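Q: Each protein sequence line maps, in turn, to chains G and V.
So in the numbering used here, spot 214 of the first sequence is number 221, and the numbers just go up one at a time.
So in the numbering used here, spot 104 of the second sequence is number 107, and the numbers just go up one at a time.
Bear in mind the hints are in silico, worked out from the structure with no lab data behind them.
Certain hints may be false.
Unchecked claim - Covered stretches of chain G (in silico footprint by chain V; criterion: 3 or more residues with CB under 8 Å from a CB of chain V, positions within the stretch not fixed):
1) 12-19
2) 301-310
3) 393-399
4) 405-413
5) 420-430
These numbers come from a predicted model, not from an experiment.
Glycine is no exception: its CB is placed at the ideal position from the N, C-alpha and C atoms.
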Amino acid sequence: MDQIPILSLITYAPLAGAVILFLLPRATERAARWVALLGSGVSFALSLAMLAAFDRSATGMQFTEFIDWLPGLGIAYRLGVDGISAPLVVLTTLLSLISVLASWDPIRRRVREYYISLLLLETGMLGVFVSLDLFLFYIFWEVMLIPMALIIGIWGSANRVYAAVKFFLYTLAGSLLMLVGIVAVYQAYFEQTGVRTLDVLELAQGTYGQAFQMWAFAAFFLAFAIKIPMWPFHTWLPDAHVEAPTAGSVILAGILLKMGGYGFLRFNLPLFPDATRAWAPFIIVLSLIAIIYGALVALVQPDLKKLVAYSSVSHMGFVTLGIFALNAQGLYGAMIVMISHGLVTGALFLLVGILYERAHTREISAFGGLHRSMPVAAAFWGLFAFASLGLPGLSGFVGEFLAILGGFRVYRWAGVIAMFVVILAAWYMLWMLQRIVMMRAPGEPPDPDDPELRLAAVHGVPPAAGGAGPRGQAVDPRTFPDLNWKEFATLAPLAVLTVWIGVYPGYLMRILRPAIEQALAAFGRIGL
Amino acid sequence: MEWIADWLFVIPLAPLIAAVANFLLGRWWIRDRAHWIAVPAVGVSFLASVPAFLAVARQHEPLSQHLYTWIPAGDFRVPVVLSVDQLTAVMLLVVTGVSFLVHLYSVGYMHGDPGYHRFFAYLPLFVFSMVMLVLASNFLVLFVFWEAVGLCSYLLIGFWFRRRSAADAAKKAFIVNRVGDFGFSIGIMLIFVTLGTLDYAEVFERVGTLGAGTVTAIALLLFTGAIGKSAQVPLFVWLPDAMEGPTPVSALIHAATMVTAGIFMVARTHPIFLASPTAMLVVAIVGAVTAFIAATIAVTQYDIKRVVAYSTVSQLGYMAIGLGTGAWIAAIFHLFTHAFFKALLFLGSGSVMHGLHDELDMRRMGGLKRSMPLTYWTFLIGAAANAGILPLAGFWSKDEIIVGAWVGGYPVVALIALAAAFFTSLYMFRAVFMTFHGEERFDRAHLHPHDPPWTMSVPLVVLAVGAAVAGFAGVPPEQGWFHRLLEPVFESAMHHEVSLATTLAFGAISTVIALAGLYLAAAAYVLGTVSPAVVAERLGPLYRLAYNKWYFDDVYQRLIVEPARGFATFLWRQIDVGVIDAAVNGAASLVVWTSQLWRRAQTGLVANYVLAIALGTVIIVGAYLIAGSNLFR
């Protein structure tokens, strides 16, 4: 090996942390937190170095590593990143680091075990993004599943076991189908060329029959469609989000969902181009259903996390719409939506967690008037809510507009239907924003200068109490302290990145360009 | 003056810096000094606009400055280029000038508000967004700041966020605007897909290559955006509710930074509209309907700010008539004069509220002429200008639009506009008389109305002067200085040859109509010869229709909002939980149930197993025999 194996270092730095924690059963909680911070911090720093050294003009994989593993079967330890995976690797390390920080105070039970799971999860996720061998990919894909299920099932809230099992079985069902697909492709390539290999790049060179492509595509597609999740495979998502601890939700929304989109781009498109073209209209219809359906259902959620979860379903619809539009704008849009959604929805889940820490409830009706008691948090709420509803100048808009434009280019009706969500997204996000950040705490009377008082005096009826609903047992939002420095530190980098990608997406898009041009090579390079 | 081309970025940058500084540091450090940075910043912006205006006014060549490439996505590239032609230059002066006065006014008006620094962060951000909107040279950049203007309106309308009404109004403004933006953004996509570019100049060049249907679709989709932003029927409902924001915000929204955006956009994209007579007709009809409906509503309202707000809707309708009938310059001229008198009217109402402890209901005002003379005279000038009284600003521009509609071949539109002009004069003077004349109907023991401090009165005086004389920029009609200035922009547009007789005739008709409105208002609220209550009684359903704002809000609530929420709940409860998730859980239950079934076989009794083995053997052997084996033969 003639260069530093930076991808392996990025991937295994968290694993090293997990091993250290595993070997130190008596580590204090404090030590466990610091080890986790170190593990994910090193990984993050290395991934930044990787991004800095990334050659934005080169096509193909970079930082490749190759170690023969089972040569007889064509299995090898192959790593590498291109423009599609490099930003996702950095997103993963960043959100993992933030998750470690965000779990600092909220996780008080079995801290050492929690951080072992979190670090293992990080290694699994990074492995998925950097492996170029289907066998290796599959191992990482499954490795990631167990710690995530544990995080939901052990550190989650009331109905956590149900959610964890549902998440686990659902994803496992998908990945078993993918395994069948992997074996099928492996075999088909062997029959065609006499070479046994699981190298993704090499397999993509093969040409497969139409009928075979259709079935193999479906096997891979289902695995990724469950992961991303597409309508109607999405119902594990709201349950998993609601029950997961804050960091679990952040990682789930921020990274795990992206694996679906990544899988489509890395496997479905290059391996089965003919099937992709054949399936695309069907998938676009499903995406449109997801976009509108997710937004509509988000509109009536009484629970903050469910609202954000359904909005994720809607946003992920843009990713699949963009990918299967099969043109440049669509692919750029899908990638930017993925990254932007990681930042924005991650931040929204952090904010929900911050409120949960204070109120021990996620009912929207328990909050109100947070702008007064938590002005800094309110500013973040506003920023990320507007980023989520696709305000230009923030990251969400660039991706959504490009993805919709991609869809519009293929089917006019697809663009029109997808665009309709700008109204719904504004509706559910602003409705939420109004009820938690604006107005008054539940039961709080109007201020003396409120015109409602004067109207009430004129009409002889008592003024309505503030807030949205009955108080229940919730803690009064007026007493909430504003963000502490740790909470601020988790949100601020996401805010900066959201604004930066919104104002200057050029940096990110230049990283993406060679990979997207390559991905489109098989589809007529539309829009380049 | 060409040097300004390299310094165009200063115009948006100055307010942006003020906004960012006040937003990030306001709470901890700047606090009550927020105006120290915001007011000069907008002033700088205005001062930088002046040389840009002079440069294009003299040499007729647009200025432009390339900033950076925003989106490079394959063949879809969006550069951010600031460009100034005569139209943009006029808009820049209006926007930054009025905004500067509003900023100055806000120093006094918002004094002591706990959110002072926040206010002076949002206000310059509003100016920044609007300035960038008019400077854009690309449809997507225009759209970005179009939405940014929407954001600022949200922030400022909901500024007093603790009031439910303000929070509702802010949300409503943003969502209703988004309905328009839905069409607008599809229009932009259609332009890109059919023409392959979003650059203004290139788009306008290639418009001729499109089919009639496509051009009409594009024009109507773009106009949908304008319907939302410029509060035309049927999306005007957000604008009157926007009164929930502090009064300077209303002035800004109505005069300078928001509702004019739609009119500006249509004027800017006039080559597209010119290519589609159908779209032009739609614009004219929507404008006429808006002008009329809003004017009738304004006559019945008691909230002083609402009267002024509906008057804005109505005046925007006039501008749309101008756009639709091809009287482009007249429409922009009306936008220009309207900025003065509408800002003046709002700041004047703010001044009244300031003196009466935030009283809004005109039934509890009256007689303020004596205690607030400066406010009275400036408000009167603004009202008269709005009502189209000769020779104030509104007369010239409104009259030109009506004449334009008449000679352009839209006599019905012109007649509707004249009818609306009667109501305009009626509601304006009704507001003046109810507020400033007659007996004092407020609580005189506790309220001592007085004219405002200098930061508030200086803008009033400046705007009053503007409202009085701004109209002369367009005199004589069709050939004034203003027309010659804008001619290069609308070169390709049609020209109307208006005879002097027509001009004079319409001037006379308008004046008579305006005076009739004035007389009726005086008869009802000063002379007492007509009783408003009796008139309302006699009009019955018509009065209730106008009083209830033609029931637009109720219809939306019943036919769209509630069914949508109901459908969403149905999707969630019945489809998501009831069908999809039930199927998933059902599959799991099925597995459990089958396992339970098989589990019964595992009894643990050896006798059972022996029986099963024996039976199995018999069955297998039997099957073997039946299948025709020759083992035993």
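Q: Now tell me, hint by hint, if it's right for this structure.
A: Right, here's what the structure says about each hint:
1. Counting residues of the region 12-19 of chain G whose C-beta lies closer than 8 Å to any C-beta of chain V gives 0; at least three are required, and the coverage claim is violated.
2. Counting residues of the region 301-310 of chain G whose C-beta sits closer than 8 Å to any C-beta of chain V gives 5, which meets the bar of three, so the coverage hint holds.
3. Proximity of the region 393-399 of chain G to chain V, defined as three or more residues with a beta carbon under 8 Å from a beta carbon of that chain, is established by the 3 residues found.
4. Counting residues of the region 405-413 of chain G whose CB falls under 8 Å from any CB of chain V gives 5; the rule of at least 3 is met.
5. With 6 residues having a beta carbon nearer than 8 Å to a beta carbon of chain V, the region 420-430 of chain G meets the requirement of three or more and the stated coverage holds.
In terms of the numbered hints stated before, the structure departs from hint 1 and from no other.
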